[in-house]
Amino acid sequence: MFQIEAHIIKEVKSAFKSLFDAELSDDLINIQPTRKEFEGSHTLVCFPLGKQSKLNPQATAEAVGKYLKEETAFVADFNVVKGFLNLVIADKVWLEIAEQIHKTNQFGVTPPTGREVMVEYSSPNTNKPLHLGHLRNNFLGYSVSKILEAAGNKVHKVQIINDRGIHICKSMLAWQKFGEGETPESSGLKGDKLVGKYYVIFDKKYKEQINELVKQGTPKETAEKEAPILVEAQQMLLKWENKDPEVYNLWETMNGWVYDGFAETYKTMGVDFDKLYYESNTFSLGKDEVLRGLEEGILFKKEDGSVWIDLKEEGLDEKLLLRKDGTSVYMTQDIGTAILRYQDFPKIEQQIYTVGNEQEYHFKVLFMILDKLGYSWAKSCYHLSYGMVDLPTGKMKSREGTVVDADDLMEEMFATSKRRTDELGKIDGFDKEEAEELYRQLGLGALKYYLLKVDPVKRMMFNPEESIDFQGNTGPFIQYVHARIRAIVRKAEQLGVTPEVNVEQLAATERDVLVLISTFPDKVKEAAETYSPAVIANYIYDVAKAYNRFYAEVSIFNEDDESALAFRIAFSAMVANVIKTGMELLGIEVPEKM
RNA sequence: GGUCCGUUAGCUCAGCUGGAUAGAGCAACUGCCUUCUAAGCAGUAGGUCCCAGGUUCGAAUCCUGGACGGAUCACCA
Numbered sequence: 001m002f003q004i005e006a007h008i009i010k011e012v013k014s015a016f017k018s019l020f021d022a023e024l025s026d027d028l029i030n031i032q033p034t035r036k037e038f039e040g041s042h043t044l045v046c047f048p049l050g051k052q053s054k055l056n057p058q059a060t061a062e063a064v065g066k067y068l069k070e071e072t073a074f075v076a077d078f079n080v081v082k083g084f085l086n087l088v089i090a091d092k093v094w095l096e097i098a099e100q101i102h103k104t105n106q107f108g109v110t111p112p113t114g115r116e117v118m119v120e121y122s123s124p125n126t127n128k129p130l131h132l133g134h135l136r137n138n139f140l141g142y143s144v145s146k147i148l149e150a151a152g153n154k155v156h157k158v159q160i161i162n163d164r165g166i167h168i169c170k171s172m173l174a175w176q177k178f179g180e181g182e183t184p185e186s187s188g189l190k191g192d193k194l195v196g197k198y199y200v201i202f203d204k205k206y207k208e209q210i211n212e213l214v215k216q217g218t219p220k221e222t223a224e225k226e227a228p229i230l231v232e233a234q235q236m237l238l239k240w241e242n243k244d245p246e247v248y249n250l251w252e253t254m255n256g257w258v259y260d261g262f263a264e265t266y267k268t269m270g271v272d273f274d275k276l277y278y279e280s281n282t283f284s285l286g287k288d289e290v291l292r293g294l295e296e297g298i299l300f301k302k303e304d305g306s307v308w309i310d311l312k313e314e315g316l317d318e319k320l321l322l323r324k325d326g327t328s329v330y331m332t333q334d335i336g337t338a339i340l341r342y343q344d345f346p347k348i349e350q351q352i353y354t355v356g357n358e359q360e361y362h363f364k365v366l367f368m369i370l371d372k373l374g375y376s377w378a379k380s381c382y383h384l385s386y387g388m389v390d391l392p393t394g395k396m397k398s399r400e401g402t403v404v405d406a407d408d409l410m411e412e413m414f415a416t417s418k419r420r421t422d423e424l425g426k427i428d429g430f431d432k433e434e435a436e437e438l439y440r441q442l443g444l445g446a447l448k449y450y451l452l453k454v455d456p457v458k459r460m461m462f463n464p465e466e467s468i469d470f471q472g473n474t475g476p477f478i479q480y481v482h483a484r485i486r487a488i489v490r491k492a493e494q495l496g497v498t499p500e501v502n503v504e505q506l507a508a509t510e511r512d513v514l515v516l517i518s519t520f521p522d523k524v525k526e527a528a529e530t531y532s533p534a535v536i537a538n539y540i541y542d543v544a545k546a547y548n549r550f551y552a553e554v555s556i557f558n559e560d561d562e563s564a565l566a567f568r569i570a571f572s573a574m575v576a577n578v579i580k581t582g583m584e585l586l587g588i589e590v591p592e593k594m
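Note that my numbering gives residue 476 to position 476 of the first sequence, counting from 1, and the numbers run on in steps of one.
Note that these hints are calculated values from the structure, not bench results.
There is no bait here: all hints are sound.
If you anchor each label on the Cβ, the simulated ranges turn out as follows:
id, residue 1, residue 2, range
1, E434, L320, 52 to 62 Å
2, T268, H7, 46 to 56 Å
3, H7, T104, 17 to 27 Å
4, G297, H7, 55 to 65 Å
5, L320, F178, 27 to 37 Å
6, K220, G256, 32 to 42 Å
7, R292, S380, 16 to 26 Å
Derived BS3-like pairs (lysine-lysine); straight-line CA-CA distance at most 30 Å:
id, residue 1, residue 2
8, K220, K197
9, K301, K243
10, K82, K66
11, K204, K397
12, K458, K275
13, K51, K69
14, K287, K319
15, K372, K319
16, K302, K379
17, K580, K418
18, K239, K193
All values derive from a computational prediction rather than experimental measurement.
Beta carbons are placed, not taken as given, at the ideal position from N, Cα and C, and that holds for glycine.
Based on the provided sequences and hints, a complete structural model is requested.
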């Protein structure tokens, strides 16, 4: 691929050599995109170059511009505005690039380099259904996996399922007490919804009991600890740890319901995993590891028998790793999980954890502990932290019933996209199945794009009252541009036009689009380096918008010149490919027709 | 209180490895469908880039201090 920027740098250097007999170091050469009100595509900032040219920025720019225009074939023209040298790259160069893109099979995608990484995302608790926050997590993790793949990595997508602990016991206990044998089959409820229902019932009963105790004169704090239903749940957890057959059976049954429900939701979301890890399988390995650390003096035991790590030297505090009764905490499990993963996949060079920013401290500590335990790979572990999704009413709280359910939201998106599509009369010639498929692609595209276009580190607002847009900087807008281009390409096929790059000149709007799509590989690289689908999302939007300007201005099939027509088809197909590839990196499908 | 993150148009967000007059979308207003799909295009209007210093030829961007919002510092997960 022809590297314009590298080429400009090289020629600027030789310009300085021959004009001023001066050596320029790379860091002085600042090339940036030309602002759209000026002619050109690349701009050399001449302010830092006075020392070498012995001229003011304006004169430097003039001299360098003149040299490049006269001495090189790839700079066709230039203009100077206040010390900025705007370069017009010859159409011949752009057409050469177009030719290369045209011939490249998967433009923007780096073939496997042999590097192997693991990406964790989703990782829900098994006591309640997935909600909007999980959607951001899943879409983010899945997209980052795709982006890393496109950057040449072999990616293992995994999740850790928090299938044990007091939370699931609460649902189990409430079901035992009040469920009257209700099952997903008998109730018609999705398994995760059913289990979540009993989690809510537990919480309700628990609060009632607290209030009752407080009324009878028990201090609130004591009541919170002594409410009979909570005590019972704790006893149940103990029974589970001792593998009491009845409790264990119920646990397996109810988790099974949840997994069935989750599987359905993941399918709708369009995400998947290469391997699942279960806490119930990893916590004992973590425990063994902690005991080893204790023996080797890396950890220490307090008088009451609890095991800790001292991180004061690192500027943190002490951290508990095993309770005094020997049971493990969250951290212990995560230690076990991490080690198990490196045993399963010895070749991975990095582990990426897609987890909300409320756990930043946790992961900082986790990586430190793994390092202290002697695992050299700990240093390459990365917490892909993202901000919460807020509602207009504030934070989502499952206990207060202010969560936006993932299944419900996706269903609403499908309904919205059906309504809008039907209103616009866009489904003439679609049979029922095709129409349903389109509603699904558009609804999901709108939702995914909405959640992914925002920089992951930022918290974001979601207003359930206002449905997600289908116009402007949205998934459906980009999908629409793709569908329109595909219609053009189909028509060209029918007319027997062979797409090819065989012209001398470009229309201004064509050049603008080419300038943009030529940077696609850089954008993929940038997105991979920053773990940010938002980079891709906003880039693809720019591409779509730039193509639309061309589309509005240039009538393709009214073109008499055969090679110009052939070029416009090839060019349009390239843009469609970039859009499709880019959207795939976001986990979004693009329709052929809409 | 310590640590980390955020703050850009009425709203939602780009831009942040320092560069030109700070950009999009939504909402408002004005044009453009006899043409390859108007979920579109062109335009108008909208700014104390949280504040104050500093570095620099040049700061939304870097540094220091502060304000506001959030997260976190559990024998919770």
